[in-house]
Amino acid sequence: MKVLVPVKRVIDYNVKVRVKADGSGVELANVKMSMNPFDEIAVEEAIRLKEKGKATEIIAVSIGPQQAQETIRTALAMGADRGILVKVDGTVEPLAVAKILKGVVDEENPDLVILGKQAIDDDCNQTGQMLAALLGWPQGTFASKVEPGDGSVDVTREVDGGLQTVSLKMPAVVTTDLRLNEPRYASLPNIMKAKKKPIAEKTAADYGVDPAPRLTVLKTVEPGGRKAGVKVGSAGELVEKLKNEAAVI
Amino acid sequence: MTALAQADAESGTSRSPYFEPEHEMLREQIRRFVEDEVKPHGLAWEEQGFTPREILLRMGELGFLGIRYPAEYGGSELDTLATVVLAEELGRSTFSGFAITALVHTDMASVHIAHAGSQAQKDAHMADIVAGRKICAVAVTEPGAGSDVKGIRTRARRDGDAYVLDGSKIYITNGVLADLYCVAAKTGGEGERPSRSVSMFLVEKGTPGLRVGRALDKHGWRSSDTAELFFENCRVPAANLLGEEGHGFYAIMRNFQNERTVIGAMAMGEAQAAIDLTLDWLTSRQAFGEPLWAKGAIRQRMAMLQSKVEAGRQLVYHAAWLDARGADATREVSMVKAYCGDLVNEVMAACLQFHGGLGFMRESTIERMARDARVQSIGGGATEVMLEEVAKRMGR
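If you read the sequences in order, they're chains A and B.
With full-length UniProt numbering, letter number 118 in the first sequence gets 118, and the count goes up by one each step, no holes.
With full-length UniProt numbering, letter number 373 in the second sequence gets 373, and the count goes up by one each step, no holes.
It should be emphasised that the hints constitute simulated quantities derived from the structure, not laboratory data.
Careful, some of the hints might be misleading.
As the list claims (entries may be wrong) - Listed below are several chain B residues computed to face chain A (Cβ distance under 10 Å; list not exhaustive):
(1) R15
(2) Y18
(3) E28
(4) E35
(5) L62
(6) I67
(7) E77
(8) A82
Unchecked claim - With a Cα cut of at most 30 Å, we get these calculated BS3-like pairs of lysine-lysine:
(9) A:K87 - A:K227
(10) B:K308 - A:K32
(11) A:K32 - B:K39
(12) A:K50 - A:K102
(13) A:K16 - B:K295
(14) B:K39 - A:K16
(15) B:K295 - A:K20
(16) B:K39 - A:K193
(17) A:K32 - B:K295
(18) A:K2 - A:K202
(19) A:K227 - B:K295
(20) A:K54 - A:K169
(21) B:K308 - B:K392
(22) A:K54 - A:K193
(23) A:K52 - A:K195
(24) B:K308 - A:K16
(25) A:K16 - A:K227
(26) A:K50 - A:K145
(27) A:K196 - B:K122
(28) B:K39 - B:K218
(29) A:K99 - A:K231
(30) A:K231 - A:K243
(31) A:K193 - B:K122
(32) A:K195 - B:K122
(33) A:K195 - A:K54
(34) A:K202 - A:K54
Note that CB positions come from ideal geometry on N, CA and C, so glycine has one too.
Given the sequences, and given the hints that come with them, work out the whole structure.
Here's what the structure looks like:
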């Protein structure tokens, strides 16, 4: 079984994101970038499938600038077998990503695509679903458990009020939620081994996709600061405030 | 700005010409390891007075203990710059007692076996050293001799196919918990030149005649076990001689270069962590209607310290780079040890001061870090000794 894992290069989760002075977006200069944490979970899941003898090859694909190669290298150091970098500079919207990924899928014929449910930069939560639709494949989103069987995969999903398990006929698309697994470290010997693993370079044009954004960003602003709270003296005062000031009861 | 520099800046990498992508990836992994597996437990280790074996085994699993060692023993065959990454990141943990436990093992003690050990010695121990199954200590310092290595009194007397060691060692990091001790002792007769009279021996824990004295009660580095060792008629096989008889002084001097680079890197990691956590405090603590960070005297002082730490860090990188390409870096390494050892104390003093009353409390991180930093201008070659090494190379 071949597994394709798309990985996105995003601002590191520890970085305090700042809006650019001219409001055209967020500051990316001199900012630490890392693999989207949900994609790390996807890579980990693919590696575990390989360790269980279920997956035979793991391909990490990233769509982004040349430096996205570092993100692929991280996936290779964790245990992916080879990489594909589709070089695109500037913003790539989820639909363009999904179209490019469809091109990669058509070329590689994986049995399973595992990717993060969303990226922590724009929080779109669209790529996996769009990819499944474009491919006409079944999808299991927000997975907290993935169990491939014979020609199918059982995906336990985190939904409001509990867990739902769906059985998907493969090939299928799975998007990962936070509790699916805890991604491993890349050990130093594996970091060194990853240097020798191949990364193919492609462009969006290779897949016949025009990645130009369809949306225009009008402006980007910092979220307003949280207002100071008040301390109430009694339950009566609280009820009074909820009734008259907050108007929620 | 060149396209490459632009790309580096945008990717937020070290912006240093010395580092390769694998160094950056290693740094990232160690930083995550420190955040997730060291910091939550550090206080407990400080309390108990040592760093547990499990964490060293975990570091072994991740390849952090064999950075420069041969692949046949599980190592990664990287260079001094990768070692510097390890030392700097462990220093950033704010638990230098933990950091020194690992770094003495990797870069101050086991190097004696890796550099001078016979094939049989290496085959017997190196794989376990890289995996963290056997922990090493190096025993040179004695009650009567520290930086003055030729002044040691512990003797090793040849007796048939064995050496018999007599003497004592003090301030030995990992001294309580180590499995392997690399011990300096005097060999050779009365007339021997002092520099040719020191030899190194491998002494395994449990060897009759080796007694681990008390665990020493220290000002800082409290999560590191430090011991006094006694050798009383301690018989080790002649095959346990590390390198040639009489060559110990040179081995110690050679390994000091690495040790001092590592301490410099560790000190700069500590200093940066202190600046970072002090900055958090300064921007949130209000005084006279504004954050402390708005006070010119404080901002200026912190900015100068950050500048010095950046300079110190770059000097460490430069010395490591010289060493990695096989150049003699004694001058630069001595500068690193003198400058970084003093600077980390300057940084801690200011950062503690700016914490106000909290800095004087045992519960604050900066209080521990200031205590931990104190030894950095002493251990591995005191600042005064290091400056002599620099002065000797100033050409007058």
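Do the hints match the structure? See the list:
1. R15: With Cβ-Cβ at 8 Å, under 10 Å, it holds.
2. Y18: 17 Å, violated
3. E28: The hint holds - E28 (chain B) has a Cβ within 10 Å of chain A, the shortest such distance being about 7 Å.
4. E35: 9 Å, holds
5. L62: 5 Å, holds
6. I67: 7 Å, holds
7. E77: Interface hint status for E77 (chain B): holds (8 Å vs cutoff 10 Å).
8. A82: 8 Å, holds
9. A:K87 - A:K227: 43 Å, violated
10. B:K308 - A:K32: The hint holds at about 23 Å.
11. A:K32 - B:K39: Status holds; Cα separation ~21 Å.
12. A:K50 - A:K102: Within the cut-off at roughly 23 Å; holds.
13. A:K16 - B:K295: 23 Å, holds
14. B:K39 - A:K16: 21 Å, holds
15. B:K295 - A:K20: 26 Å, holds
16. B:K39 - A:K193: 29 Å, holds
17. A:K32 - B:K295: 29 Å, holds
18. A:K2 - A:K202: Roughly 20 Å separates the two Cα atoms, so the pair holds.
19. A:K227 - B:K295: 26 Å, holds
20. A:K54 - A:K169: 15 Å, holds
21. B:K308 - B:K392: 24 Å, holds
22. A:K54 - A:K193: 23 Å, holds
23. A:K52 - A:K195: 25 Å, holds
24. B:K308 - A:K16: 25 Å, holds
25. A:K16 - A:K227: Judged against 30 Å, a Cα distance of about 20 Å means the pair holds.
26. A:K50 - A:K145: Distance ~15 Å between K50 (chain A) and K145 (chain A) Cα, so the pair holds.
27. A:K196 - B:K122: Status holds; Cα separation ~28 Å.
28. B:K39 - B:K218: 21 Å, holds
29. A:K99 - A:K231: 53 Å, violated
30. A:K231 - A:K243: 16 Å, holds
31. A:K193 - B:K122: Measuring from Cα to Cα gives roughly 24 Å; hence the hint holds.
32. A:K195 - B:K122: 28 Å, holds
33. A:K195 - A:K54: 25 Å, holds
34. A:K202 - A:K54: 28 Å, holds
In this structure, the hints that do not hold are numbers 2, 9 and 29, in rising order.
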